[in-house]
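First to last, the sequence lines map onto chains A and B. Take 19 as the starting number for the first sequence in this note's numbering and just add one per residue. Take 1289 as the starting number for the second sequence in this note's numbering and just add one per residue.
Hints listed in this document are in silico derivations from the structure and should not be mistaken for laboratory results. We put the beta carbon where it would ideally sit given N, CA and C, even for glycine. Warning: the hint list may mix true and false statements.
Stated by the list, open to error - Not close to chain A: a few residues of chain B, all C-beta gaps over 12 Å, as computed: (1) GLN1309; (2) LEU1354; (3) GLY1498; (4) LYS1512.
Claimed, not checked - Cross-link-like lysine-lysine pairs, in silico, DSSO-like; alpha carbons within 30 Å at most: (5) LYS194/A <-> LYS1360/B; (6) LYS1360/B <-> LYS48/A; (7) LYS1521/B <-> LYS44/A.
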Amino acid sequence: MEINSLAEEERWIQDAAKGNTFAFEKLIMKYETRIYNICLRLLKKPDEAYDAAQEVCIKIWRQLQGFKGESKFSTWVYRVTTNTCLDLLRQQKKVYDNINLFEEGDKLSETIDTEKTRQWKDLSSHMVDQEVTRLLWNSIQALKEEYRVVIILRDIEGYSYEEIAKCLSISNGTVKSRISRARANLKKILEQNQELYADLLCGNRR
Amino acid sequence: MKCSEYEVLISAYVDGMLSPQEKEQVVSHLENCTQCKASYEVLLHMVDGCRQINEIELPKDFHQNLMGKIQKEQTKKRCIKWLPTKKDDRWRYISAMVATFFLGIILFNEIKHINLKTDTEMTQENGVIVASLKENEEPGDSIHNIEERSTMSIRSRNVGEAPISQIQEDEVVNGDLEKTLGVLGSCKIVCKIKVQEKADFERQLEYILGKEQINYEKAENGYKVNCNTPIEKLVEWLEEYSLDIEWESGHDSEVDDAQIEIILMGVS
Ligand SMILES: [Zn+2]
């Protein structure tokens, strides 16, 4: 089954590279939602994400002939997506200076009491709840960009370390340490929102 | 190892990215250190929470919008591909070849000439050629290279061929597809055709257009054909059927869809 669908995808790729728009349509239908979601997460604004995702799909169409299958097709697609978004972010950065809500870097206090852990467990059990997801999402958005990007790619989109390394042109070792630092900072931000999620845990939800 | 040094390892452990030795080290530390254990659990919950952030649905018009752009681009590409057809451009090509041929002869003579001279006798104006000759060692080879290069540079001036490769190779900056294509000019093509008998031409043309499912509209002195579908067969047929045919690309950059205007000339 899996092999069949891969062979089918292979055929679509070849045909689309020759200019067959039907084959391209089949192919892109498998990826467009994911592409849009990655754009949405990285760029935040829906209209920007929409345009970026369109741009990514057109790039894929144009560059298909150059895709020689040295990496997995999906990996290549996500790389094009990530790079397009990162380029846009870089352009925006020139316009608006990036505002960091929280200071980066300093090591987490080594004292994490069990009370916090308990709250985390509760939080997690309520994660399906919209409000809590929103809290987590907002906290991710407050991260410094290089941390925000790796949390999105790794923890939301589930990229492998290798895929992240390729997308960001950094070494696997850097990926590992950056993810760790990003998570530590995310934890900190969430801790600063104590009140909010204490509220949530007290049943302040609809 | 201090607890703080375990931070990166614990994070990688959550992702299953540790070597067996590292894993063993982390597991045994977590068993003995309540702080790191607590930290590890927080991390697990956080990552789990991230995974539950739902995928958002694709906006309704996204797919259709995209395929519209793809179709349009494919049509324009096809249009541009056969734009330098026959006649007019064939002459441009031939003249380029002739120029190359003469350039080759001139260079060949030049090199032969240089070969006879000694290094010290060389004049300033021959400097460039001498340099390339020395690098390549073999005179025959260098003639070939020069010829090749000059052919390329002349060919790249050929209107039809250069832009296609540019579209395919250039990355889209900011998704500004229209602008990129706009540089190439429009895709309005005018075909002036001379035929023996108007009625027969119209009957046959309409038959072909129908068979190829090409949209068209009858105009006063010919046809307006939309090339949103493959048109190679149509072009081939026109070339074959006509007594005389002339292709022109319009310069109307406002044309949105690729279009061929077929104009009948001097009908008997
Ligand atoms: Zn410890």
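Take the C-alpha atoms of LYS1521/B and LYS44/A, compute the straight-line distance between them, and say whether it is at most 30 Å. This hinted pair holds, its Cα atoms lying about 26 Å apart.
Please verify that the nearest CB of chain A lies beyond 12 Å from LYS1512/B's CB. 23 Å, holds
Against chain A, does GLN1309/B hold up as non-interface, every C-beta pair farther apart than 12 Å? Holds, because the least Cβ-Cβ distance between GLN1309/B and chain A comes to about 16 Å, which exceeds 12 Å.
Should the label of LEU1354/B as a non-interface residue stand, given a Cβ cut-off of 12 Å to chain A? 5 Å, violated
Verify the proposed pairing of LYS1360/B with LYS48/A, using a straight-line Cα cut of 30 Å. 21 Å, holds
For a C-alpha distance cap of 30 Å, please report whether LYS194/A and LYS1360/B respect it. Given that 30 Å is the threshold and the Cα spacing comes to 43 Å, the pair is violated.
Grab the minimum beta-carbon distance between GLY1498/B and chain A and tell me whether it stays above 12 Å. 22 Å, holds
Hints 2, 5, counting from the list given before, are not met by this structure.
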